[in-house]
Each structure stands twice: as C-alpha cells, then as structure tokens.
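**Q** Sequence:
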Amino acid sequence: MSSVLVFIISCLLIAFVGAAEVSQPDSRSLRDVEGWTVRVDDRLLADAPDAVLGARALRFLEAKLVEIKAVVPADRLKDLQAVTIVLDLHCGSLTSMQYHPDAGWLRANGFQTDLAKCVHLPRAEDVSTQRNINEQPWVILHELAHAFHDQQLSFDEPRIKSAYEKFKASGHGNAALLYNGQRVKHYGLTNQMEFFAEMTESFFGVNDFFPFNRAELQEAEPEIFQLLTEIWISPPSQNAADGDRDDVQEQTHRDPIRQMQILAEATDRASWGYWGDQPEQYASYSSHSNRLIPVYTFGMTLDAVAGNNSVYRNSQQLKKLYGNEPAGTLNIAANYFDQTDVYRLQQMAAEAGKKYIILVVFDGLDWQTTRAAAIATTGIDAYREGRGTGFAFQDYRGAPTDFGLCVTSPANDGTTIDVNAQAVRTPGGTTPGGYDPLLGGQTAWSIPVDNRYLMGRARSRPHAVTDSAASATSLCSGCKTYNDSINVGVQGEHVEPIARSLQAQGYAVGVVTSVPVSHATPACAYANNVSR
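By our numbering, the letter at position 146 of the sequence shown is numbered 146, and the numbering carries on one by one without gaps.
Since the hints were made in silico from the structure, they are not lab data. Note that beta-carbon positions come from the ideal geometry of N, C-alpha and C, so glycine has one too. It cannot be assumed that every hint is accurate.
Have a look at the derived ranges for each label pair, beta carbon to beta carbon [said to hold, decoys possible]:
| hint | residue 1 | residue 2 | range |
| --- | --- | --- | --- |
| 1 | Q491 | E34 | 46 to 54 Å |
| 2 | V361 | D395 | 19 to 27 Å |
| 3 | S287 | N420 | 26 to 34 Å |
| 4 | I358 | A63 | 28 to 36 Å |
| 5 | F298 | Q422 | 31 to 39 Å |
| 6 | N420 | R159 | 58 to 66 Å |
| 7 | N109 | S170 | 30 to 38 Å |
| 8 | P73 | Q422 | 39 to 47 Å |
| 9 | A63 | W272 | 30 to 38 Å |
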C-alpha cells in the first residue's frame, strides 16, 4: 500500500512540475485601458475559471493608469501609452512585474518573443496586492519608466548614467530609509535602469525608499531632481526640427521660471504660489474674476470716465448701468470706472475726429500678471502699485497716455435663452452683477479681504463674474448685459457694436484675432446673438 501511495504522490509532483514549465498563455485578447493597449491572457476573461481574478487585476491596473495620466505631462504620456502592457494568469516561472527590453533573453529562456518591448504582469494574483497598494503603489509607473528609458532615451543615456554614478559615490543610498523605518540598500543602486525607475517613482508619486516623494527628492538630491525635470517635464517637441528641438531645450535650461511653471502645471502643485483660493493646489481657479482690470490709453486720457466722473460714485448712473443699484457697489471714493466706458472712450475718439481707433484686448493680462511678467523680463521688482514699468505699453510716452482700472462684472449670470427663437427667457438671471470694493479692493493691487469674492463664490456678496461674451459686449457696444450675450441686452434687445456704427459713418473696420473669429471676443466686434 505504501508503494502505491509513493507512486501516486510522485505522479502528482511530476504533473505539477510539468504544468509550471508549460503554463504560458495560449492566446491573449486586446483591451484598451486608459489609452494603453493591454494584451490580456484569455484565461482571465469572461467565462474563464479565473475571470473574477482577471477583472480585479484589470480594475487595479486601470486605477494605476488613471493616476499616471493625472501626473505625467501630455507629450511624455504619449510615449508611455505607446508601450504595450501584458497581463497573464501566469507565465511559466516569471513572477515579478517586469519590462522585457529584447527578444534574445525571452527566446533563450523559452518565453514568447512577442513580449519584447512590453511591460509584463506575469501573475494576475500578484497585481492587486497589499504590497502594491501600501509599499510600492507606483510599481506600474516603475516598469513604464524602464520602457521609456529604453525606447525614448536608451539605457546608455549619459546623463542618467552620470547621475547614477554620482548617487553611488555619494553613499546616500547605502543605508536608505525604507517605508517601514528600516535602513537598507536603496534599490536604485542596482544599476542605472533601476536608478531611473526608482527616482521616477519619487518624482511623480511615492517610493518605498527615501526620498519618498518629490519634495524630499528636490531637497535631498537636487541634481537628480533637476535631471528628472528636464527629462519628464521639459522635453523638446517631438515634431520639431533638430535645430528647433535644441533651441527649445536651451531656452528651457536658461529659463528657470518656465521650468517652475511647467512643473507646477504638470503636478498642480507649487510651493511658490497658486491661482485661486486653495494654497495646496496650483490652479483651483483659472477663469475670469471680479478683479479690477488695467486699461491703458494712447492719444487720450481717462478723465472723462474715471475719478470724479466714475459711474460708481453715482447711484442714479449705477441704476441705469445695471438696471438697479447693486448691493455694496456705490463708492463715493471710486477712481475706477466701468468696462462699458471703454466703448464711450471709442465714441469720444470718433467725435474728436480721430482717424484711427484701435481697441486691443489682452486675454488674461491683469495687473498681477503684468507685474510678474515685467519682473521676469527686466529682472527688477520695480513697482508695487500703479501703471508700472517694463513693457512698451507701460513706458511709451510718445502721445498723451493714461492708465486706470475698470470693473468687468456683468449685469447678471444665469440667464436662460432660446437660440432658435433668438430670445431671452429669464431676464435678470440668477446672480446679479456689481463690485464691492470692501471685498475686492479699491485698486487692482489691493489685497482682497476674501479671494472667494473675486471668483464669485462669496456667500455674503455673490456678485456675478463676467465671461468673455458679456465682457466684449461691454467693450464693443457699451451695454452691461448677461453672460453669454453677443451684443444682446438683458431683455433680448439687439445693441449695435461701435464697429458697425463707425462703418456707417465711412470708417473702414476690421478684426485681427489670434483665435477663431467665431469666439466670443472677436464675435462681439460685429455680430449679434443671444448666445456665444
């Protein structure tokens, strides 16, 4: 009896070992997962015994690819998405996730050569694990970084090899802090390939070795951080000619502010500043605001509309402008004026016999942006209020010139319209316009009491924030109107832009635009429509 038992057990062992040696997928099916081509072992798909395991592994992979898409810049993301990912139930003796750089090793070890240049997840049961969640959550990026290193740079890329050798010589990785508090040899010391992949994890996500994240990488290894910024964040255009590519690379190297901005946009984090009201987010708000906006005139002054002549000093004029007197908007000390006054200035220029009347609209060029650009251009922090200096439109004095600030808030937001009928259905909308200097400031350089007010988010004073259409209607037709309007008043009446009025008087008129002429701002120069 014992001999029979031994025989049976031996047969089972032989059968098990034999299965391990030949257990490679017979077929795989293609799936698109977040822009990546994923070849999935058919043993993991619907109706297969391990379909549940396959679904779990694919969900995990999808989540990780979503994270990678969120942090990697678009140009480099395309490079990563060109890499095929292979997911198997199991594949012979292979266990760890890995990148296969060439077919030679695969052929020599009895594996399918079509795995070459692919990121391979050879055991589905090892994909969605506690280790890959808590210890090395960016392991997928790690393997994709190998592919990028090989296919886009080459494993012999001299900058990476040099940085690796310096890291080895520094001794910083000899007793690196591990995620669990232990001191161990940094895995990045294995070779330059693992060095690049490990540091890429720290740069974009979280690593299991110190430096664990980007901030620590920047502080502890600034040269490595700079190299990864150049490789991942500031690449030259793939479609540029060689000369252009070199020029872009050189410009980026010489322009640290550009590097800071590119990095901040890619990660939505910046230690040096932010847009909006969320310090931890680089751009929590990136649209129009209720800030006072600079106006520069040449050939005439602003005396007729600013200071004592400001509409914001006069209750009756405010009622005429907005249809009512907006809460908190009357300001007997206002030096600013309204955006509709830019239309009046153009009228005055025509009445004064001016031959050329040119309205230039800069998209996004508020006072703060102008000052930041002037500092970057000149290298001097030359002003903290007023018109400033550094650019031609600030410094030119070859003609009478002036500088002032205007309110851009619309008549209201939330108006519903019927485009087919060209009709306004809800005059007055849901949110009224106005400008409260106690919240927004008396000047553009005032520090606001509540940043949320400038974004239209202050519950205490929810004044509407303009859009491009209502803003351009104010500039071109002098009409304070609802958001989305192209030269249509709050009740649905058409208003005539000054270009058409002057054309009727014999002026030649035209629009020069860097965007399609159907966009709201250029459209308002001539057209009428209830909706942009």
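**Q** Tell me if the beta carbons of I358 and A63 are separated by a distance inside 28 to 36 Å.
**A** Given range 28 to 36 Å: violated, Cβ gap about 53 Å.
**Q** Taking the beta carbons of F298 and Q422, is their distance inside 31 to 39 Å?
**A** Holds: the Cβ-Cβ distance is about 37 Å, inside 31 to 39 Å.
**Q** Is 30 to 38 Å respected by the C-beta to C-beta distance linking A63 and W272?
**A** With Cβ atoms ~31 Å apart, the hint holds.
**Q** How does the Cβ-Cβ distance of P73 and Q422 compare with 39 to 47 Å: does it lie in that range?
**A** holds, 43 Å
**Q** Kindly confirm whether 58 to 66 Å is satisfied by the beta carbon distance between N420 and R159.
**A** holds, 60 Å
**Q** 26 to 34 Å was suggested as the range; check whether the CB atoms of S287 and N420 agree with it.
**A** holds, 28 Å
**Q** For the range 19 to 27 Å, tell me whether the beta carbons of V361 and D395 fit it or not.
**A** This hint holds: roughly 20 Å between Cβ atoms.
**Q** Could you say whether the range 46 to 54 Å given as a hint is met by the Cβ separation of Q491 and E34?
**A** holds, 48 Å
**Q** Quick check: does the Cβ-Cβ distance between N109 and S170 fall within 30 to 38 Å?
**A** The hinted range 30 to 38 Å holds for N109 and S170, with Cβ atoms some 36 Å apart.
Of the hints listed earlier, the one the structure fails to meet is number 4.
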